[in-house]
Structures are given as C-alpha cells and as structure tokens.
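All residue numbers for the sequence shown refer to our numbering, where the first residue is 25 and numbers rise by one.
Please note that a few of the clues may not be correct.
Derived lysine-lysine pairs resembling DSSO-like cross-links, with alpha carbons at most 27 Å apart [said to hold, decoys possible]:
1. K260 to K273
2. K445 to K499
3. K273 to K344
4. K72 to K344
5. K499 to K245
Label pairs and their in silico Cβ distance ranges [claimed, not checked]:
6. G110 to E389: 28 to 36 Å
7. K26 to D261: 52 to 60 Å
8. K260 to Q112: 50 to 58 Å
9. G363 to S27: 26 to 34 Å
10. T70 to T371: 50 to 58 Å
11. E317 to P563: 36 to 44 Å
12. I423 to D261: 51 to 59 Å
13. Q421 to Q459: 23 to 31 Å
14. K59 to E317: 22 to 30 Å
Rather than coming from a laboratory, the hints here were simulated on the basis of the structure. Heads up, the beta-carbon is just placed ideally off N, CA and C, and yes, glycines get one too.
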Amino acid sequence: MKSDIEIAQESMPKPIIEIAEPLGLTGDDLELYGKYKAKIEWSAITEKANNPLGKLILVTAISPTPAGEGKSTVTIGLADALNQIGKQTVIALREPSLGPVMGIKGGATGGGKAQVLPMEDINLHFTGDMHAITAANNALSALIDNHIQQGNELGIDGRRVTWKRVVDLNDRALRQVIVGLGGPLQGVPREDGFDITVASEIMAILCLATSIDNLKERLGKILIGYSFEKQPIYVKDLAVQGALALLLKDALKPNLVQTIEGTPALIHGGPFANIAHGCNSVIATETALHLGEYTVTEAGFGADLGAEKFLDIKTPNLSKAPDAIVVVATIRALKMHGGVAVADLGTENLKALELGFSNLKRHVENMRKYGIPVVVALNEFSQDTEAERTLVETMCQQIDVTIARTAVWADGGAGGTDLAKAVVQVIEEKPANYQRLYTDDLPLADKASLIVREIYGGAEVEFAPKAKAQLQSFKEQGWDQLPICMAKTQYSFSDDPKRLGAPDDFTVTIREFVPKLGAGFIVALTGAVMTMPGLPKKPAAINMDVTSDGQAIGLF
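Please model the complete structure; the sequences and the hints are all you need to start from.
Structure, rendered in structure tokens:
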C-alpha cells in the first residue's frame with residue numbers, strides 16, 4: 025500500500041493560476057509562491073467580499089483515539105465530492121504545526137486520495153506564516169525585556185510578566201526558563217517560558233482578525249503583564265502594535281492551494297483546539313464563502329473542543345453560521361471508546377461498538393443544541409465488517425441522524441458522493457437556526473459550568489485557588505464578558521484522558537485562567553493540559569529524510 029506522501033508525489037497538480045480562474049481570480053489577484061502556492065491579495069479579498077455568501081459546512085469528529093478518525097481526510101474528500109456532483113466548492117483548512125509533524129500526531133493535509141497539495145510544503149515551511157507569527161511573538165518578548173532593561177518607564181514587574189516566548193516545535197525543555205543571565209549588560213533576570221507557536225495569542229489574533237486595522241487593534245489589546253502596583257499593562261502601552269502588525273501583514277493573507285482533484289483550498293492559521301480555539305482564520309473562511317457555492321471547513325479535535333469553539337468563539341466573528349455540521353466517526357475509534365485495545369481493533373466486536381457509540385451520540389446531541397442540522401460521516405476502513413457498519417447505521421437511525429458511508433481515502437471524491445448528497449439534502453430540507461451556547465454577559469464561572477454540563481456531560485467545575493482569585497480580578501477589570509476557551513485534553517469529554525466513551529457525573533478542575541484580550545477570549549486551563557507539548561520516545565522525525573535531488577521522504 026502506498027504511503028500518503030507517495031500518493032501525493034505521484035499526483036499532477038495544476039498551476040495555481042488555473043485553480044484560481046474558476047473562482048474569478050486572475051494572476052494579478054495572487055502573490056505567487058512558486059507554481060502551486062499563492063496568497064490572495066487584499067484588493068481581491070475586498071472585491072470578492074461583494075459576492076453573495078455560499079453555504080458553510082463544518083466538519084468535526086468524535087473524541088480522537090490512536091485508531092484514527094480521518095477528519096481532515098473527510099473534509100477534503102467531501103469538498104471533492106461536492107464538486108463532482110456539481111456544487112462549486114472551496115475548502116478552508118488550518119495550517120499544520122511543525123511540532124506534531126515532527127512528533128507523533130502527523131500533518132493536516134488529509135490522506136490517501138483526499139489530500140491537499142503540495143503536501144510536503146504545507147506540512148513544513150509552507151508560505152512562512154508560522155515563522156512570521158513566531159517572529160512577531162518573540163519580537164514582543166524582546167521589546168518587553170528591553171523596556172525593563174532601559175529604565176522600565178511603565179514599571180513592569182518582571183515577576184508578573186505573563187507574555188511567553190514561542191517556538192513551533194514540541195520542546196518540553198523550554199517550558200520554564202530563566203532569561204537575562206550574565207550581568208547588567210545582558211538584561212534583567214526573570215523567569216520566562218515557551219509555548220508552542222500555535223498556542224500564541226498572536227496566532228489566535230491572526231485567525232480572528234478581519235483586516236489589517238483590526239489586527240493592529242487586537243494586537244494593542246494584548247495583556248503582557250502587570251506593574252508593581254498590580255495594574256495591567258498592554259501592548260498599546262509599549263506602542264509596538266504597528267511593528268508587530270508589520271511583521272504579520274503578509275501572513276494575514278490566506279494561502280491558496282489545491283486538492284489532488286483540483287478543488288481550491290484556502291489553508292490559513294493553525295491554533296490547536298485543545299489549548300486554543302482550533303479553527304482556521306476568519307479571513308480565509310469569509311473569502312471562501314464569497315468565492316464558492318459551498319465552503320467546507322473543519323474544527324480541531326473532537327466536537328467538544330474544536331466545534332464548540334468554532335460555534336461560540338469564531339462564528340460570532342463570521343458573516344454567517346454553518347448550514348450543516350458533519351461529525352466524522354470510524355468503527356475502529358468507536359470500538360476503542362467501547363474498551364477495545366488497539367491491537368484488537370481488527371476483530372469484529374459488536375458489543376464494544378455499541379458501547380463506544382455513546383461517544384458519537386453525545387457529540388451529535390451537543391451539535392444539535394446549536395440549532396444546526398447534523399450528518400454523520402462513517403469513515404470506512406478495510407477491516408470494518410458489514411455487520412459493524414450496519415450496526416452503526418442502525419444506531420444512528422435510532423437517534424434520527426443522517427449517516428453516510430465514506431471511502432474518500434481510497435477513492436477520493438468518488439468515495440464521498442453519498443455524503444455530499446446527504447449534506448446537500450439536509451441543508452436544503454432543514455434550514456439552520458443557529459444559537460450560541462451562552463451569552464457574553466454570563467459570568468465566566470457560569471460559562472465554564474455550562475460548557476462542562478451541556479457539552480462535556482460533567483456534573484460541576486472545581487476552581488483552584490488561583491482560578492478563584494482570577495475570577496474576582498477579571499470581573500473588576502471587566503474581562504468576564506468575554507467568551508471562554510477551554511484548554512482540555514482532546515481524548516475525553518472529561519479532563520482525564522483515560523476516561524473514554526461518554527463519562528458522566530465527573531468534575532472538571534480549572535487550575536488557572538489566561539486572559540487573551542487581543543484574541544477576545546479567556547483561556548481556562550484544565551487538568552494537566554500543557555501549552556508546550558513534548559516529543560514521544562520515537563518521534564516521526566526519525567523516519568524523515570530528503571533525497572539528493574531535494575525530494576522529501578518519510579513524511580507520513
């Protein structure tokens with residue numbers, strides 16, 4: 025069986041200008057990065073904003089497992105299938121982070137015959153967006169430390185600097201560091217730390233900004249720390265939001281690429297859903313909506329994380345809400361949620377499948393709370409038995425949700441036409457009536473409790489002493505009116521990654537809140553979730569190499 029990279033490298037992509045033409049874009053509308061990649065110019069984005077809005081499809085999934093769900097693969101295959109049935113479709117996806125690419129999770133370009141190209145470039149440096157975000161983030165760190173060194177006019181308390189440096193790699197050794205060592209000429213010593221780039225607030229800002237002016241406004245609102253009098257200090261106090269925006273002006277433009285079948289794909293922004301809001305950029309999604317009849321986008325990890333944040337944080341910044349939600353599931357993953365070990369997933373087990381269905385059922389029920397119709401995509405594996413597939417279809421019928429078998433990994437768009445037809449039918453017959461889970465005026469503690477009860481299925485939230493103190497402080501500052509972004513393990517509805525299926529009657533512990541005022545939300549850190557991942561014992565990087573003529577190998 026050929027690997028994903030072998031399939032991608034055997035494909036024959038079209039020049040990106042040819043992909044752009046059916047969308048009404050010319051060569052003058054593109055900033056080319058070679059033959060097969062381009063950024064869309066601001067003039068074109070502004071012009072196309074006058075086009076009518078297309079339909080929006082959000083793809084999400086059950087709680088992820090090592091068995092694999094294939095959410096990005098289904099997203100890409102669904103878009104290819106929609107084009108095959110005559111619906112002009114554009115994809116809006118996130119950019120991969122080098123951390124998981126070199127670690128264990130992998131990339132974000134799909135798989136098999138449902139991939140975006142050029143997959144090697146996208147999974148590595150792409151158009152440099154991640155590097156620009158990293159540079160802007162660390163430029164701010166340097167400016168903060170320089171301000172302290174050069175007299176500290178703002179009275180920044182080095183013990184209360186909340187802004188961290190970032191790197192787009194999994195590097196646990198950088199989680200806690202000391203900077204400024206070496207004597208008076210080298211700076212003022214203080215504790216610092218690194219997050220992964222995709223957890224940077226600047227990443228979240230880039231993905232929620234609607235224009236360069238809005239970008240600068242959001243950058244100015246970033247909280248960098250507190251003064252000796254314990255008053256908040258912002259980027260605008262340093263007066264460097266313009267410099268940071270300058271570093272980001274090109275990164276703010278969405279990237280245009282294509283699928284193996286030639287479907288246009290806007291890949292832009294890449295916040296993780298377990299430690300950030302997990303959605304691609306507002307600008308890319310909006311642009312796609314104005315370019316195509318249908319836009320297919322995705323949210324990171326399971327629906328309890330990415331989809332909840334898409335609907336409660338991103339959607340209020342969009343011109344429209346999703347018209348349909350697709351929840352991706354595999355029989356393999358459902359059996360894992362039913363208690364089957366990875367080594368035994370190839371054996372038919374209807375009892376475990378029935379138990380694990382509880383995870384899918386809860387995700388479907390949760391998405392319906394937003395007033396949006398739901399379709400289940402059963403992503404097929406060769407080891408699935410017909411009895412298992414039939415059982416999942418029967419259980420979906422019992423909860424009155426449309427289900428379609430999907431074989432896009434093996435067959436590309438042709439393997440997703442049943443899903444495409446089902447989604448179109450649902451959109452035409454069941455108009456969405458979107459409603460957020462909570463209103464902004466609900467107190468932060470109540471927002472967190474509502475998410476835990478309504479989305480996770482838990483009983484209550486426990487606030488650690490630090491979190492309790494922050495709730496009072498944030499209320500005094502007026503920050504409690506912001507949405508909440510739960511940083512939680514992706515593997516379970518609870519904050520314990522080992523509790524699979526659909527656990528209930530559990531308590532979620534919030535140990536700390538992190539204000540992301542430029543992004544416009546408050547992050548709640550739960551359980552043991554970290555904003556800087558580590559590498560596994562045998563990282564994927566071990567298998568990677570490059571040939572003498574520059575061709576990537578071992579990249580999935």
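- [ ] Could you work out which earlier hints the structure fails to respect and list their numbers in ascending sequence?
- [x] Hints 2, 8 not satisfied by this model.
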